[in-house]
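Asker: In order, the protein sequence lines correspond to chains A and B. Here our numbering is used: the first residue of the first sequence is 1, the next is one more, and so on. Here our numbering is used: the first residue of the second sequence is 1, the next is one more, and so on.
Quick caveat, the hints were computed from the structure, so don't treat them as lab data. Hints are supplied without guarantee of correctness; some may be wrong.
If we take Cβ atoms under 10 Å as the criterion, some of the chain A residues that face chain B in the derived model are [said to hold, decoys possible]:
id: 1; residue: I220
id: 2; residue: A293
id: 3; residue: T299
id: 4; residue: A332
id: 5; residue: F361
So the derived list for chain A, only partly shown, Cβ under 10 Å to chain B, looks like this [said to hold, decoys possible]:
id: 6; residue: L184
id: 7; residue: V252
id: 8; residue: E337
This structure is a prediction, so every number in the text was calculated from the model and none was measured. We put the beta carbon where it would ideally sit given N, CA and C, even for glycine.
The residues making up each chain are set out below.
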Amino acid sequence: MAGASQVLQLTDPLPLDGGGELHGAEIAFETYGTLAGDGSNAILLCHALTGDQYVASTHPVTGKPGWWERMVGPGKPIDTDRYFVVCANVVGSCMGSTGPASEALDGKPYAMRFPVITIRDMVRGLVALLDGLGIEKLHAVVGGSMGGMQALSLAANWPDRAERVLVIASTSRHSAQNIAFHELGRQAVMADPNWHQGDYYAQESQPDSGLAVARMAAHITYLSEEALTGKFGRNLQDRDTKSFGFDADFQVESYLRYQGSGFTRRFDANSYLYITRAMDYFDLAEEHGGKLANAFAGTEARFCLVSFDSDWLYPTAESRHVVHALNAAGAAVSFVELSAPHGHDSFLLDVPALDRVVKGFIE
Amino acid sequence: MSALRPDLAAIASAIEPGTRVLDIGCGDGALLAELRATKSVDARGIEIDGGCVERCVAQGLSVVQGDADSALADYPDKGFDYTVLSQTLQTARRPDLMLDQLLRVGKQAFVSFPNFAHWRTRGALMFGGRMPVTRSIPVSWYETQNIHHVTVKDFRELAREKDARIEHEWFFANEKPVSGAANLRAEFAVFLLSR
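Only chain B is shown next, with the shape it has when bound in the complex:
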């Protein structure tokens, strides 16, 4: 098994064996395959890119081609132990409504995203005066899929507004864990929420 991205590795290690997991925006299914192989998880996915879905199905994974913004509405309440939204929140049309759906369909929800308040991003904007293109936000403003940039502080605030309890949080920079001053130091954040 190839090494998972750090946010996915954190999610994989926090998931209880034998549970039901829905990975929204599952890409090529790396997390699903890992969970199925190592934790006997009933793993399902949603992915918008047909090529990715085809590769997932060819591996025997249960993945549905669809748009995360609309596809979640079909799933029953609390049908999964966990929902996972990794690095997709910032591409959602309405991240707040997406969060509602994640917590409706899953008993707990993992959300990971690039932190726009990371010092590199702040620096690029402050000193360059241009939209940041950094390691964690690598695409120019005109071609990025990110339509709602978010910071660790913003996300905590959104969780509070949505009455979502933050069960756990993980922060990474340069693929290594970060402790303290997360809003400034974390390139990526992972939250585990429940309601």
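Just chain A, with the same shape it has in the complex:
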């Protein structure tokens, strides 16, 4: 599935939180803009669960624009005329970085032999990439959703690597509800008869139905009720009356099916298992003696957290929890809850206030 990205082959093994290490890992990445001579203008963008490195360039599989093309580019809030933007596919994913679909040393796909990874392991891969690019200190690390977890993890575990940390619609730990939704998705994948205990790569059929269901469930959590109602209501799809069957009578059903099937064309089911697991394991306080403020003790970075009032996946209280810890640690922190109707997905959509906050904080 790999696109046309640049790939960094890691020479050192990547140590993993779960014990052991990943040998010969590759990190696929895209860059935009020009790195300043002193390396001072680099911004690392961290992608969300099903995102990838194509933040501001055309996706090689879908042919669609990058996931944050409205934010990143010449003259945009993250201005690539001024900043050198790096975005990498996380370890465990499937757009060119090493993941369960990659070949292990025996020449066969890792599948479920791929080690369980954590958010911090992903960030280890990103830090190795920064080393490889000769970037000692980032002007900023920026991430939304799972990307925000990576940004927080980088700030906590590699405190000298970023001057600014921007965390959008994210959290320092997964709640029981977050884990529950992810478990639903994983069970859908594993219940698919085509999953074959993860060893489906050589098979004719892949666990697409399970992965589509997982994506449908997740997609519901990304939207607000207001957004769903506004977009679809109870409108019927291409018909005037109910079918009294199980076709997609409602527009919202049809939309979810479309989202689910589109997703299976660009994403690996096992990657979905591994990455959701990494997110569920994420608990930044636990990594630092149970106290979140300890994660940021003595930090010199400036932080900015942004939440959206319609986001029920990572609600404002989660951002506030991080802000409290940063205050307790004496860190320079900004926090704003923006009003937007789109739910969790607001960070990817047209919210002009977010543009202003991102631009103001980065500069």
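Since the structure of chain A is already known, use the hints to place chain B on it.
Answerer: This is chain B only, laid out in the frame that chain A set:
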């Protein structure tokens, strides 16, 4: 830099360069921006209004959206050289507890408020028989955010009860300094406290 409100100008000029300042209810960040620009102050703010916070963050200021009544509890003891509470005391649920927090989080605390004992206010109540709507208290009783009106005399008394030392005080009427008979003549008061 646009001219600061007189109470903020008095606070800005009294703050030592290179210090750490927390402005509670910082509004659009005018004081923070001034302190950062002219005194290399590590300036932070708390503001409840999301639109104001957004404008502050867009200027690169470190401002957290939150309610002054509850947000201060997260900050460590003496984490700042100064805390600032400008024209917000009278909107606090418990001004006395707010004062405790200001002096816990800051080594010194600036507090400014409209003086309810100003002669115009007294006159409006005495001769009009209605809740005063004046230059310094411009909003009708039913829509004001002010829930605890306070006078210069009351505030001095509160400071004494709280064992807070009044390091300095400033009084203004019609945007000009007032000296003498402050409780009667001042529209606005600014106090610098320590403990």
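Asker: With reference to the structure, classify each hint as holding or not holding.
Answerer: Evaluated hints:
no. : hint : in the structure
1   : I220 : violated (27 Å)
2   : A293 : holds (9 Å)
3   : T299 : violated (13 Å)
4   : A332 : holds (5 Å)
5   : F361 : holds (6 Å)
6   : L184 : violated (33 Å)
7   : V252 : violated (30 Å)
8   : E337 : holds (6 Å)
Of the numbered hints listed earlier, those contradicted by the structure are 1, 3, 6, 7.
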